[in-house]
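Its first residue numbered 1, the sequence shown is counted upward by one per residue in the numbering used here.
Treat the hints with caution; some may be incorrect.
Said to hold, decoys possible - Below are the EDC-like pairs computed for lysine to aspartate or glutamate, each with C-alpha atoms no more than 20 Å apart in a straight line:
1) Lys231 <-> Asp385
2) Lys44 <-> Glu107
3) Lys38 <-> Asp90
4) Lys208 <-> Glu184
5) Lys334 <-> Glu298
6) Lys30 <-> Asp40
Derived from the structure by calculation, the hints contain no laboratory data.
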Amino acid sequence: MFHITQYSTSYSAISEMMEAVQRARSAQEKFIKFGPEKIDRIVKSIAEAAFAKADYLATIAVEETSMGVIEHKKIKNELGSMGVYESIKDEKTIGVIKRDQKLKLTEVAYPFGVIAAICPTTNPTSTAIFKTLISLKAGNAIVVSPHPTAAYCTVEALKICSEAAILAGAPEGLIGWISKPSMEATTSLIQHPTIDLILATGGSGLVKAAYSSGKPAYGVGPGNGPVYFEKSANVRKAVQLVLDSKTFDNGTLCSTEQSIVVHKNIKELAMRELRNHGAYFLDQEEKQRLGNVIAPKEGQLNTKIVGRSAEWIAQMANINVPKGTRVLIAEENKIGKSVPFSLEKLAPIFPLYTAESEEEAHRICGELLNFIGRGHSCSIHTSDDEAAERFGLAMPVSRVLVNTMASIGAAGATTALMPSLTLGCGSYGGNISSDNITARHLFNTKRIAFGINEVTLPKQSHYRLKPAEGISDKDTNINIEEVVDQVMQEINKNHLDSSLLTISTVIEQIVKQSTS
């Protein structure tokens, strides 16, 4: 058994952070000289070591945070280690990464340097492993600030990564952390002059602080993705996938479905299948009680329900549910701060909205996303590919998942998306990238370009006379008579032919004689 890390004094946490950053800088300067082959061996060793400890790390994460499901966190750790490694192992991220002989253009990757990473309490160990792998793959060092409520398990994951890296030949200090994190230490970390880039996964306050630090940053926005049961959906399969997704790690992934929007033609069938798969539908009184538990203060999620089971949450709300209840569902028709069920809940709770048409379904889903979760993800279950495309085109998100578990599909586990635990929300969500963040986002690209096109500049054919004495470009009141007198004086002084009195010929003659 472990001892849960307590909040530290600001001084000790900041002191630890500064030492970690200094060591990381020194280690990174050595690390970048290794070359891509040795760096790849180190990255592989880290992934293998973390994968081997996936179950242990899942266990201590659940024990420390009281969130999620051990078996599911193990899957997250496996995805964040070997799953991520397999996706990046063949990518060129160090030195020359591309040569185009025809265009005579060479691209060279060079690392950002020292990366500051912020990890959440919902996915602590998997995120720490993932960020370590992609940072080192691109030649960077990393210093991690864990969430205070998940500090022990996060640091354990980082120690496993660090020990594996050192055994494979990495310099000590390449992977650093704050073992007793505080808000002050985290803020100081992202503002430290030695930090070159920030990977921020956490609460909106920390993400905003990262973007306000004056440094390059990859942040993420909140999820609140609706799932649309389109009228042609295979309802039984759709319900099974959505409930498996919603209950995966008790809903702690931000890409998890948060609301169900069902077409009226299949609503009764969908509700029957939901009940058959373990859903409990709340009556009006129960809905009110659970709403008060979801958000005791208007618009503010009760963090005590995050990552908890449906039965545990029902007991908290004094609602009797059958044993084996997987999710709690309430019919809803409103959206907003005063509607607790429309918030991002990160727990096995659903509002269910009914759509009279495809257009109304798009409107409801769009309103949910514009309320919370704009730019993140949403999903649809349908047998009509064109309906899926119409839905995708209409939604203000970066990922649209079709006929799959949105929770892990968005992270690349069941789709062809890049495996990642940092999902950008693009300009929809105020982020710089809409990608699944990976190693390719963590290096700069230098380009060596040879000249391939000859350019002949035209000869100058228009001239500007030097301003006569007493006349300035800044003059706003020009006496035309004086200008004419000065031009005539130039004509007489240079003995110009009086028949050549057009402006263009006067100028040409003056310039020719003044340069001869």
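Comparing the hints with the structure gives:
no.: 1; hint: Lys231 <-> Asp385; in the structure: holds (12 Å)
no.: 2; hint: Lys44 <-> Glu107; in the structure: violated (25 Å)
no.: 3; hint: Lys38 <-> Asp90; in the structure: holds (13 Å)
no.: 4; hint: Lys208 <-> Glu184; in the structure: holds (15 Å)
no.: 5; hint: Lys334 <-> Glu298; in the structure: holds (14 Å)
no.: 6; hint: Lys30 <-> Asp40; in the structure: holds (15 Å)
When the structure is compared with the earlier hints, a violation turns up for hint 2 alone.
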